Every structure is written in structure tokens, then in C-alpha cells.
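S.K.: Sequence:
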Amino acid sequence: MLPKFLKPILKTAEEIPPTKYHSPIFITGCMRSGTTFLVDKLSTHPQLFKIGVELNKVWQEIGGTETTTRCEYNDGSEASAYHTYQMTRYITDFISEGKSIKRHMMRWVNKRNKQTGRVFYDWDQIIPVSKSPHLINKVLYVDKLFPKAKFIFIIRDIYSYSSSLKIHFDNDYNKRKKLSFQTNEHGACWSRITEDNVPSNLNGFPCYPHDFSTIPSMWIRLNKVGLESLQKVDRDRYLVICYEDLIQNQEQLFKEIFAFLNLNTKFIKVEESIAKRKVDLINTTFKGNPLTKWKKELTSEEKKIIDRVIENEKNDYEYVIDKLRDLKA
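For the sequence shown, this note's numbering assigns the number 11 to the initial residue and increments by one for each residue that follows.
Because the hints were derived from the structure by calculation, they are not lab data. All of these numbers come straight from a predicted model, not from anything done at the bench. Be aware that a few hints might be false.
Capping the alpha-carbon separation at 25 Å, the derived lysine-lysine pairs in PhoX-like fashion look like this [stated by the list, open to error]:
1. LYS67 <-> LYS14
2. LYS124 <-> LYS333
3. LYS297 <-> LYS158
4. LYS121 <-> LYS303
5. LYS265 <-> LYS286
6. LYS313 <-> LYS303
7. LYS124 <-> LYS109
8. LYS288 <-> LYS313
9. LYS313 <-> LYS297
10. LYS121 <-> LYS288
11. LYS314 <-> LYS324
12. LYS121 <-> LYS109
FRET-style restraints, in silico, Cβ to Cβ [said to hold, decoys possible]:
13. LYS67 <-> THR29: 53 to 63 Å
14. LYS288 <-> GLU24: 49 to 59 Å
15. ILE331 <-> HIS196: 32 to 42 Å
Ideal placement from N, C-alpha and C gives every residue a C-beta, glycine not left out.
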């Protein structure tokens, strides 16, 4: 047995000292609303480390919630410490792997080719950041697993969103014959499955590409359930932002985001530099101004359909617009 005076020198104490780690940040919003663009720019900060792409299969396999074929609403009532442990271990392992030479090289190549992220991070001050549109209807579940986590919720105008998602879904259908169903379950996101594998329980539900109205209708449903969920989260732990500000007012918006995240003050100058650096949106379905190109890409009939959906679901649409006005950065 080692003498006591040698234990601190050789670091052989029976218990290692405890370390407090930062809670994760989750970015969500409807598909095609700028979540990828946002997380990529945030990950240029030395503290903000992007965890994977969207972790949909991870949430499905070890996180305890459905995020792939059937993306169901989850109110957190069945959240458990077991799933907190599994997701925490995954995030911890991902960060540990991120310190490897291989991952440094991967980030170097990515930064060189795509001009996103960074190579080196402050590992002692690291904060994991995860983005997924498929968490938009699972905010309360995620909040139960990570009660100190912060959320950034992004909303895009219903017309430009509809145009972008239509093209995204069209590409998916043309390449993979994938259909996107709108079920009648409360708060459910898209059920997406290939045309030759549609189960009988989806028969009769509207889907795209056959029914364009599902796209604006799901904008209303998902933004409403996301905003309703956020109302049950501590007000200092969520931030609501506009896609349009992400495109037009990047500097001011990122200043507000960094103020909300309350990062280490030694990186103030870095934050100012990130905010000032204008980055063009590159994750887009087609060329042109992302704020106005919908006017050309949507047919006159599709615009009328959006108008009808808004009128038919007026109360829910106005709820989203009112909450966005009241809560946005």
C-alpha cells in the first residue's frame, strides 16, 4: 500500500476529484429552417462542439424516443434516468473521440472544404451542441433528460419554408420513392417511408407529394407544439429566433445568441469576430435569395393552398405568429 504522501503526487487516490460539466445545448425547429446553418456557425466557437449530425438513430436506439420513420410527440412522461445515462455516455464518448488525431484531421478537412466549424477546441470548457428538427415535438422529453439544458428554437416564414421543404421532399421521392405522411396524432412529426413499404396503419392519411397542403399544415402543427412545450421550460433556458434574422441580421442575432449562452468571458473577442463574419447560407435546396425565391418557385396554386391552410387553421397559425413576436430574440 502506498504511503499517503505519495497518493496526491501519483494521483492514486481511491476517488478521483469531481468535475462539473456544462449541460448540452439543443437546436431545433422545422426541417429546412436553418438549424444546420446555425449549428455550423456556432461550432466555430472554441467552446461549442457539434455532436454528430442529427443523432436521429442514436435517439431511436438508446435515447428512448422515436425520431425516424414515426416521429411521434413525446411529453417526457416516460423519461428515465436510464436514457439520460445512455445519451450522456454517447455525448461524452463523442467528445472524447473528438480529441483524437483522426477527428482533428477530419475537422481540418471539413473547415478547408466547407469553411465550417473549427479544428481546435477548449476541451476543459467544452459545451456539447446538438441540432435536430426531429426534436421539435420532443422538447419536454429532452428537458426531462437534461433539466439544465438550453434550447434554441428557430422559425422560418411559412411560405419560404413550404417552398424549400417541397423541393427537399421532391428530391427524396425522385431518388428514394419516399413518402411523407401527416398522421392525426397530437404533435406528431412526419412519418416518412418508402412507397413500397407503407404499413396499413398509414393508409388514408394525407401525404406529400400527393397533397401539398400537408407541408404548410405541418409548419403550423410543429411550430405550435414546439412553442407550447417551451412555455413549460424555464424562461432563461430557451431562445426563439427567426430564420430571416439569421440571413439578414447575422451580427446582431449572434450577439444575442452568445449573450443567451453566457459563455466563458475569455472568448468575448472570438464571439465578436464570429458575429461580425457574414456567412452565406450554403445548405440550400436551390440557388437564389432564400428569403424571396419562394415567390418564383411556388406555383400560384400552391400559394393559394398555403393561404387556405392558414385560413382553415387560423387560430393555431396566429398562436405561432403571436408567440414568435413575443418571444423571439
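S.K.: For a quick check of understanding: which of the numbered hints are violated here, in increasing order?
M.R.: 1, 2, 3, 4, 8, 13, 15
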